[in-house]
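Engineer: Taken in order, these protein sequences are the chains called U and S.
Residues 634 to 822 in this note's numbering are what the first sequence lists, from first letter to last.
Residues 634 to 822 in this note's numbering are what the second sequence lists, from first letter to last.
Warning: the hint list may mix true and false statements.
Put simply, identical chains are the same to the list, so a pair is met inside one copy or across any two.
[Said to hold, decoys possible] Listed below are the simulated EDC-like cross-link pairs for lysine to aspartate or glutamate, each with C-alpha atoms no more than 20 angstroms apart in a straight line:
no.	residue 1	residue 2
1	Lys684	Asp814
2	Lys790	Asp775
3	Lys684	Asp714
4	Lys790	Asp803
5	Lys684	Glu659
6	Lys817	Glu674
7	Lys790	Glu668
8	Lys756	Asp803
9	Lys817	Glu753
10	Lys817	Glu655
11	Lys756	Glu668
12	Lys790	Glu751
13	Lys817	Glu665
14	Lys684	Glu668
15	Lys817	Asp640
16	Lys756	Glu815
17	Lys790	Glu748
18	Lys790	Glu659
19	Lys817	Glu748
20	Lys756	Glu686
21	Lys817	Asp714
Treat the hints as calculated values from the structure; they're not laboratory data.
The chain contents come next:
Number of protein chains: 2
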Amino acid sequence: MGRWEPDARGRLAQAALALYAERGFETTTVAEIAERAGLTERTFFRHFTDKREVLFAGADALQTLIVGAVANAPDGLAPIDAAAAGLEAAGAHFFVDAQREMSRRRQAAIAANPELQERELTKLAALSAAIADALRRRGCPDLAAALTADIAIAVFKTAFEHWIDEANHDDFAVLVHDSLDELKAVTAA
Amino acid sequence: MGRWEPDARGRLAQAALALYAERGFETTTVAEIAERAGLTERTFFRHFTDKREVLFAGADALQTLIVGAVANAPDGLAPIDAAAAGLEAAGAHFFVDAQREMSRRRQAAIAANPELQERELTKLAALSAAIADALRRRGCPDLAAALTADIAIAVFKTAFEHWIDEANHDDFAVLVHDSLDELKAVTAA
Chain U
634 MGRWEPDARG RLAQAALALY AERGFETTTV AEIAERAGLT ERTFFRHFTD
684 KREVLFAGAD ALQTLIVGAV ANAPDGLAPI DAAAAGLEAA GAHFFVDAQR
734 EMSRRRQAAI AANPELQERE LTKLAALSAA IADALRRRGC PDLAAALTAD
784 IAIAVFKTAF EHWIDEANHD DFAVLVHDSL DELKAVTAA
Chain S
634 MGRWEPDARG RLAQAALALY AERGFETTTV AEIAERAGLT ERTFFRHFTD
684 KREVLFAGAD ALQTLIVGAV ANAPDGLAPI DAAAAGLEAA GAHFFVDAQR
734 EMSRRRQAAI AANPELQERE LTKLAALSAA IADALRRRGC PDLAAALTAD
784 IAIAVFKTAF EHWIDEANHD DFAVLVHDSL DELKAVTAA
């Protein structure tokens with residue numbers, strides 16, 4: 634096996650998620666992941682700290698992208714629409730058709746494990762706090778920014794649940810807008 | 634010290650929160666909490682599993698009360714208003730003036746400790762899931778129920794932040810409605 638492995642990282646992530654789906658996150662070992670990917674454990678550890686990292690490696694990049702899009706949304710856009718622009722940007726980069734099966738498996742692995750659920754909640758809370766900060770820098774008052782960011786996370790989760798649904802064929806951005814419409818419907822007086 | 638201690642539980646909780654504020658959650662011991670309350674460690678362990686339990690002992694009762702109020706909200710009420718009825722009921726029982734300083738200290742202790750934050754997030758996620766279930770039993774569709782429950786948690790957090798603010802003199806129920814109004818304002822087209 635050569636030192637240069639085309640898309641070793643992607644192959645390792647794919648192998649890991651397949652194994653988590655087949656035999657569960659807890660019982661899967663790094664050795665098994667590497668073997669399934671046709672790579673060595675050493676290669677695994679060049680890309681990921683541990684088997685949990687496979688599931689959360691994208692979180693920082695996702696947050697950076699969303700916060701950047703919120704910051705760069707047109708002036709004068711309402712806070713919720715600036716936050717939605719961030720979610721759409723995330724969709725265009727992370728939630729594309731080719732990633733759907735991987736995202737579905739990731740979600741299933743997390744749903745099956747309380748420790749992973751806690752970590753996911755912590756990541757989402759950090760994302761909400763980062764969106765709130767970006768909204769404050771756009772001039773949104775303190776608590777309104779926190780509320781809007783939490784609502785954006787709720788919209789994000791709803792869009793994501795629709796997106797990983799087998800029956801869905803819509804783009805993530807469309808689902809973000811559907812979820813926003815649903816939000817407006819449920820909050821209308 | 635007699636076996637019967639008037640409001641031993643309340644005194645222990647108060648002593649614990651005062652110590653967490655003074656010297657931090659991590660460094661406070663159960664022995665110190667018991668001593669401050671003028672009680673024994675044995676009495677502490679009759680009321681709480683450990684020093685963390687002091688902070689989260691009320692979560693189950695809070696959830697039961699909110700879910701019950703959502704279930705018993707008048708027929709025909711919109712899901713978000715049924716959820717708000719749950720939050721108001723919580724306010725009437727848990728978020729009363731006499732509890733404000735304790736709630737403020739509890740929040741400060743949690744904010745200062747990542748492990749406690751994780752636990753708080755897990756409790757709030759469980760509360761959201763329970764509210765969503767209660768809304769589904771009222772006939773609300775699956776994902777709309779999850780979205781509405783997450784929004785209710787965001788409203789709850791905003792109301793709570795206002796409520797523990799030193800400058801605030803409004804009742805929790807008033808702040809729930811203010812937060813709902815703010816929600817409607819930020820989501821209005």
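Engineer: Now look at each hint and say whether the structure bears it out.
Structural biologist: A quick look at each hint next to the structure:
| no. | hint | in the structure |
| --- | --- | --- |
| 1 | Lys684 / Asp814 | neither (38 angstroms within a copy, 44 angstroms between copies) |
| 2 | Lys790 / Asp775 | between (23 angstroms within a copy, 13 angstroms between copies) |
| 3 | Lys684 / Asp714 | neither (36 angstroms within a copy, 43 angstroms between copies) |
| 4 | Lys790 / Asp803 | within (15 angstroms within a copy, 32 angstroms between copies) |
| 5 | Lys684 / Glu659 | within (9 angstroms within a copy, 29 angstroms between copies) |
| 6 | Lys817 / Glu674 | neither (49 angstroms within a copy, 52 angstroms between copies) |
| 7 | Lys790 / Glu668 | neither (33 angstroms within a copy, 46 angstroms between copies) |
| 8 | Lys756 / Asp803 | neither (26 angstroms within a copy, 33 angstroms between copies) |
| 9 | Lys817 / Glu753 | neither (26 angstroms within a copy, 28 angstroms between copies) |
| 10 | Lys817 / Glu655 | neither (39 angstroms within a copy, 44 angstroms between copies) |
| 11 | Lys756 / Glu668 | neither (29 angstroms within a copy, 38 angstroms between copies) |
| 12 | Lys790 / Glu751 | both (15 angstroms within a copy, 19 angstroms between copies) |
| 13 | Lys817 / Glu665 | neither (47 angstroms within a copy, 51 angstroms between copies) |
| 14 | Lys684 / Glu668 | within (14 angstroms within a copy, 45 angstroms between copies) |
| 15 | Lys817 / Asp640 | neither (42 angstroms within a copy, 46 angstroms between copies) |
| 16 | Lys756 / Glu815 | neither (24 angstroms within a copy, 26 angstroms between copies) |
| 17 | Lys790 / Glu748 | within (19 angstroms within a copy, 24 angstroms between copies) |
| 18 | Lys790 / Glu659 | neither (25 angstroms within a copy, 34 angstroms between copies) |
| 19 | Lys817 / Glu748 | neither (33 angstroms within a copy, 35 angstroms between copies) |
| 20 | Lys756 / Glu686 | within (12 angstroms within a copy, 24 angstroms between copies) |
| 21 | Lys817 / Asp714 | both (12 angstroms within a copy, 14 angstroms between copies) |
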